[in-house]
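Asks: So you can see what is in the structure, the chains are spelled out below.
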Amino acid sequence: MDEKDLIRKAKRGDTMALSKLLQQNYSFLEKYLMKVTLHPQSAEDLTQETMVKCIEKIQLYNGESKFSSWLITIATNLFIDQQRRKKREKNWLEQEQALRKMKWNVANMNDEWANVLDVLAQINEEIRTPIVLKHYYGYSYKEIGEMMGIAEGTVKSRVSNGLKSVRMEMAEL
Amino acid sequence: MKEYDSKNSNSMLDDEDELTVKQLIDGLEKLDQWNPVSTPNLQWFQQNIELEKKRIRYKQWKDLLKFISVAVFVLSVWIAVVYRQPILLLYFQLVGIILLPLALNKNRKKVSDE
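From first to last, the protein sequence lines stand for chains A and B. Per the working numbering, the very first residue in the first sequence carries number 1; after that it's consecutive. Per the working numbering, the very first residue in the second sequence carries number 174; after that it's consecutive.
Note that these hints are calculated values from the structure, not bench results. Backbone N, C-alpha and C fix where the C-beta goes; we use that ideal spot for every residue, glycine too. Hints are not guaranteed to be accurate.
As the list claims (entries may be wrong) - For lysine-lysine, the following DSBU-like pairs were computed, each having C-alpha atoms within a straight-line distance of at most 30 Å:
hint	chain 1	residue 1	chain 2	residue 2
1	A	K101	B	K195
2	A	K57	B	K232
3	A	K9	A	K31
4	B	K195	A	K156
5	A	K9	B	K227
To be verified - Listed next, with one range per pair, are the computed distances between beta-carbon atoms:
hint	chain 1	residue 1	chain 2	residue 2	range
6	B	I252	A	K87	45 to 51 Å
7	A	N124	B	F246	42 to 48 Å
8	A	N105	B	Q216	27 to 33 Å
Said to hold, decoys possible - Here are a few chain A residues that sit away from chain B, every Cβ distance over 10 Å (derived from the structure):
hint	residue
9	R12
10	N62
11	Q83
12	K90
13	L93
14	A151
15	G153
16	E172
With the rest of the complex left out, here is chain A (with noise of 0.2 Å):
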């Protein structure tokens, strides 16, 4: 069954659909999370959120754009609002904890550290997001203003200075 036969089941109430529509891009929202976030534990808590706001908006998605499309949305509005609502120095804490966790777990694996994740981890996730969108998934500006709420010059601006801050950044380390 492919996906569109899916979708057009899950909305209207086939649990077993959804499930299985659910269960196809778990693993994609989870590494998309991981990215924008760089911290596992929101991440796997932020998929299970959009799972469940996913199961209550199911009705309203109308496939103009691609499913997991649509779960990126709702994962990344998820994600600011829930940063919007932390205060910043303990957001910043929370951050350093995860990276320092994921150093040692690295280190124990024998493996190097990649440095531009500190740098991504230092900017604000509003700016990180485009970025990965961007240059990671491949997205156009249109469509990442479309999923941020934000005008496409926004979304160009964004990506556009935020690349220059890492770079300048990484040529500092």
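Chain A is already provided as a structure; the job is to place chain B on it using the hints.
Replies: Below, chain B without anything else, positioned relative to chain A:
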């Protein structure tokens, strides 16, 4: 597809930016390798969907009951006022007309503060 898209989206970049993007993609790919995702089985999804559907149905009933209770209360007050002291209804409406612009103005200020 991801690789194709990334290359496509990077075609307008200068050499320095291209190098930064490459480092970025490599770093993010490593992140995937270091944190493998385990997808739960189909049964787990089914159970969660059923639970969530139950919760949504319960919430909808709760909201509907709340709405009906408030509507019945407002209607009873309104009917009581109309039959006993119609002049009070006029006063309520006047107070409402005065307070509405103030309430709207307050909301607008909140938005502009953000």
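Asks: Which numbered hints turn out to be false for this structure?
Replies: none
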